[in-house]
Each structure stands twice: as C-alpha cells, then as structure tokens.
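In order, the protein sequences belong to chains R and F. Position 240, counted from 1, in the first sequence is what the UniProt record's numbering calls 240; the numbers after and before it change by one each time, with no gaps. Position 67, counted from 1, in the second sequence is what the UniProt record's numbering calls 67; the numbers after and before it change by one each time, with no gaps.
Keep in mind the hints are simulated off the structure, nothing from the lab. Built from N, CA and C at the ideal position, the CB exists for glycine as well. Fair warning: there could be bad hints in the mix.
Far from chain R, some chain F residues (derived; all Cβ distances over 10 Å) [what the hints assert, rightly or not]:
(1) Arg5
(2) Gln89
(3) Thr171
(4) Tyr173
(5) Phe245
25 Å max Cα-Cα, derived DSS-like pairs, lysine-lysine [what the hints assert, rightly or not]:
(6) F:Lys243 to F:Lys2
(7) R:Lys77 to R:Lys179
(8) F:Lys133 to R:Lys77
(9) F:Lys77 to R:Lys133
(10) R:Lys165 to R:Lys133
(11) F:Lys165 to F:Lys232
Number of protein chains: 2
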Amino acid sequence: MKRIRMVIRYDGTNYSGYQVQPNGNTIQAELEKALRKMHKGQLIKVTASGRTDARVHAIGQVIHFDTPLQIPIGNWKRALNSLLPEDIQVSSVDQAADDFHARYDTSGKEYRYYVRNHQEPDPFRRNYTYHVKAAIDIDAIKAACRYLEGEHDFTSFCSPKTDIKGSKVRTIYQADVSKRGDEVIFIFRGSGFLYNMVRILVGTLLEVGRKERRPEDIQRIIAAKDRIAAGKTAPPQGLFLWKVFY
Amino acid sequence: MKRIRMVIRYDGTNYSGYQVQPNGNTIQAELEKALRKMHKGQLIKVTASGRTDARVHAIGQVIHFDTPLQIPIGNWKRALNSLLPEDIQVSSVDQAADDFHARYDTSGKEYRYYVRNHQEPDPFRRNYTYHVKAAIDIDAIKAACRYLEGEHDFTSFCSPKTDIKGSKVRTIYQADVSKRGDEVIFIFRGSGFLYNMVRILVGTLLEVGRKERRPEDIQRIIAAKDRIAAGKTAPPQGLFLWKVFY
Chain R
1 MKRIRMVIRY
11 DGTNYSGYQV
21 QPNGNTIQAE
31 LEKALRKMHK
41 GQLIKVTASG
51 RTDARVHAIG
61 QVIHFDTPLQ
71 IPIGNWKRAL
81 NSLLPEDIQV
91 SSVDQAADDF
101 HARYDTSGKE
111 YRYYVRNHQE
121 PDPFRRNYTY
131 HVKAAIDIDA
141 IKAACRYLEG
151 EHDFTSFCSP
161 KTDIKGSKVR
171 TIYQADVSKR
181 GDEVIFIFRG
191 SGFLYNMVRI
201 LVGTLLEVGR
211 KERRPEDIQR
221 IIAAKDRIAA
231 GKTAPPQGLF
241 LWKVFY
Chain F
1 MKRIRMVIRY
11 DGTNYSGYQV
21 QPNGNTIQAE
31 LEKALRKMHK
41 GQLIKVTASG
51 RTDARVHAIG
61 QVIHFDTPLQ
71 IPIGNWKRAL
81 NSLLPEDIQV
91 SSVDQAADDF
101 HARYDTSGKE
111 YRYYVRNHQE
121 PDPFRRNYTY
131 HVKAAIDIDA
141 IKAACRYLEG
151 EHDFTSFCSP
161 KTDIKGSKVR
171 TIYQADVSKR
181 GDEVIFIFRG
191 SGFLYNMVRI
201 LVGTLLEVGR
211 KERRPEDIQR
221 IIAAKDRIAA
231 GKTAPPQGLF
241 LWKVFY
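I would like the entire structure built from these sequences, with the hints used as guidance.
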C-alpha cells in the first residue's frame, strides 16, 4: 500500500458539497467512484483537508488515499481525470509519507471570495460571484480587516450548526480585499476556519463596505462571542477554497 | 400596441437552444413565460435576430415583440429581469418603429468563439470554451482568415441539416483570431451566417492551426461547395452571438 496526496479543483455548482451524504451527489462520491473504477470495484476511501459546502468551489483542495496499485506516480493524474466529470479535475499527484493526513496535518488555509459589484447581474458569473448592487467602500473594509487579523476567538463568526465542541480560537494571518474591474475579491489566510466562517466574515465586511457598520465595530463583534453580533452569511457561490498549507 | 426592441444576454449551458421546441427548455420559452406574467396570462410572441443552438451563448441577441401595456420604457428592463431566470438577462430596452423586425432587418452579425488552449481542461471554463490540447499556430490561422473574408458561396461551411433553400452566398467582413493567456479567441463579422457556419469555420481553422491543413487550402474548400471539404464542427459551448447589426 502507498499513500497518495492529490491537489484537486472543482466547480461546486452542481454538487451538494464535498462530503458524501445520503441524498445528493458530492465531490467525494465522484472521487471515490473514479477510484473504484481504477481499483476494479474496490472501495478506496478518500480524506480531504476539510469539507466545502454546496455550490462552494475549490482551486487547491487537498486529499489523500491509500492504494495497492503499482501505477507510476506520473500516470495517476491522467487516469483519474479521464474518469472524473468535467467539473472536477486533478491538478497534481504525489506519493506522500505513509503517515501524511490531508486533514490533521494542515497548518493553514487560504480562501477567496468573489463579489460582483455592479448594478446588473452577469449571467456568466452568477455561479462564481455574489452579486451586490450597492456601492462598496473598499477602504472601510480594509480598515475592518486589520481588526480581524491575529489570534481571536471567532465564535461570533461561526455557524451555530457547527459540530466543533472545542476551542474556537483561530489565527487569521491575512485578511484583505481588492477591486478588479467590477469584482471585489476577498482573501483570507488563517490557521483554520470554523463552519461558515469565511462567508460570515464576508457578509459582515460587506455591511462595513455599505456603511451599515463601522470598521472598529469588528472588535466588539469578536468580543461578543455570539453569532448574532456578526452580519449575514454571504451566499456560497462566491467562495473558493484556494490553497491548503502543510 | 407598441413594438419593443430588446438586447438580451444569456448563458446557454442549460438550454436546448433559443427557439421553442416540443421537448426542452429554451430561451424563447423563458422570455415568453416572463412576458406572459407581465401581460396577465396573454401570450406575447417574441421574434429574435436568429436562433442559437443548445449550449450556445449570447452577449448581444436582439428580439422584438408587441405589447399593449402602457409601461414607461425605462421600467421594462427591471420588470423583466425580476421575472427571468438568472442565466437570461435583459441588457437594454427601446421602443422600436412599428415595422422594426429583429430578424429581417439585420444587416450583419458578430460571433466570437473561445478556445482554451492548454494541456489541462479548466473546470470553471468548461461551459464557455472548447478545450484544445494541441499547439495552435495563430499566424497560420490568421493567414487562413484572409481567404475567408469577402463575398463567397459558403456551402462548404453550412450544415446539411440547414433549412435554407436559397443562396448560400454571404460576406465575411472580418475574420480574425487572437491569443489572450490560455485562450484563443475567434471573431467573425459578416452579413449573415449559415447553419453551424461559425462552428465549421472554427473547426476548419483549428485544423490549419494544428498544421493538418494549409492556410491556402481555404480557397479549395470554398470552391468545393461541399460540406465534406471543410473540417469538423467545433462544439457549441465556445460560441457567443456577440452583436447584431441593423
């Protein structure tokens, strides 16, 4: 047996999320279906760095699995891509240490979130951006981002539906926003992210950008340790799991 | 009654094409459904500049219809966009002359075709580009484009499934290709285009780009007046009806 580590990208539009669940097609189920074909019907269980929700995308999701196959490492990518649907693709494949673990070994993650800031929706970007008509004050959001960076208890930015029982202290190394044409792009790098955390961060920062909150309100929101203190959860389709660090 | 002229854009991915047909959802059916809601159940028939096939997109499709409603012209766009699905949007609305006709009055059209030229497919561009792995010689295609421009009988570039009985003489004002990053973009402006003409032009030009044909072969292909003489029909998802001229 050897352990394989893969970087994959996917368009989450037509999936109920990453993780296998009773009703709904998922990224994990497609990966395991393709691997099952390569393994003559044998179930190969795949472990990812973490889940992504329905309609959320990934550019650099990382997974691992164990295989008895003696395929040269350079051939895996093409073999799997020929079996996977067009909206899920393997970017790179490496042999990993036997004890490598895609979830437990992560040292951090980068997420990006895309907003279309324009009077009109764009039919071609509808599945990859959140459409916001109102003017967005980028500088106000940048100021708010400064209060997010660092080690904090992010309970206020965690969905109550989480199954995390332990500490909600995480470190955000970088929170930033920029504008490119009609798109506003958020970047978050951190040690780890709670359930819906990036989408709640974006929803709250957009309220700052629309002058409904002040940048310095972020301090109070963090201190509250209460989901009610933060803003709305931004919708899933603007979110991309960009990179996983080990 | 007044005649309304609208420019619409749509992502054709999830449609069986523009024109209403027995089995399948179409752009026209969605437009007429939205108009029917605005007209309290009355059928408002819509006429477009021309059809687009299943999975083909439009940036500047033009349609017209007649309405008894006394709505200020500035309010139509928002009213319709609130009733249309996210992948079909109205870009502009004007009152037209009573005898304006979206199909008969066209003086020309511009189509663009997008190719992704990269070793790997991109899950996020799969519905908007044709993925071609082989190296493409842009200069060879540019040379071939020179033979296409002008007035010709384009029978060789017309699907035999066409219902056109008359002349297949058309004028191509401009045929051009350019490369931007990993994308190769074709532009065709002409007096009119036959059934599948742009897709057969692109399929043939890509064979020139892959050195399977020489640029000057275009002359022979046009002269043959036989679909067999030209190249393969490129797939629909790279094609955009970009602009209609009147």
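For Arg5 of chain F, which was marked as not at the interface, is the minimum beta-carbon distance to chain R over 10 Å?
-> holds, 18 Å
Hey, Lys133 of chain F versus Lys77 of chain R, does the alpha-carbon distance stay inside 25 Å?
-> Holds, at roughly 15 Å.
Is Phe245 of chain F truly not at the interface, in the sense that its beta carbon sits beyond 10 Å from all beta carbons of chain R?
-> holds, 22 Å
Below or equal to 25 Å on CA atoms is what counts here, so check Lys165 of chain F against Lys232 of chain F.
-> holds, 23 Å
Restraint check for Lys77 of chain F with Lys133 of chain R, where alpha carbons must lie at most 25 Å apart | holds, 16 Å
Cβ separation check - Tyr173 of chain F to all of chain R, threshold 10 Å | holds, 26 Å
Thr171 of chain F and chain R, when compared Cβ to Cβ, separated by more than 10 Å = At roughly 30 Å from the nearest Cβ of chain R, Thr171 of chain F sits farther out than 10 Å, so the non-interface label holds.
Does the structure keep Lys165 of chain R and Lys133 of chain R at a Cα separation of 25 Å or less?
-> At roughly 38 Å apart (the allowed maximum being 25 Å), Lys133 of chain R and Lys165 of chain R break the hint.
Does the alpha-carbon distance linking Lys243 of chain F and Lys2 of chain F stay inside the 25 Å limit?
-> holds, 24 Å
Closest CB of chain R to the CB of Gln89 of chain F still more than 10 Å away | violated, 5 Å
Straight-line alpha-carbon gap Lys77 of chain R to Lys179 of chain R, limit 25 Å | violated, 35 Å
In summary, the numbered hints that this structure violates are 2, 7, 10.
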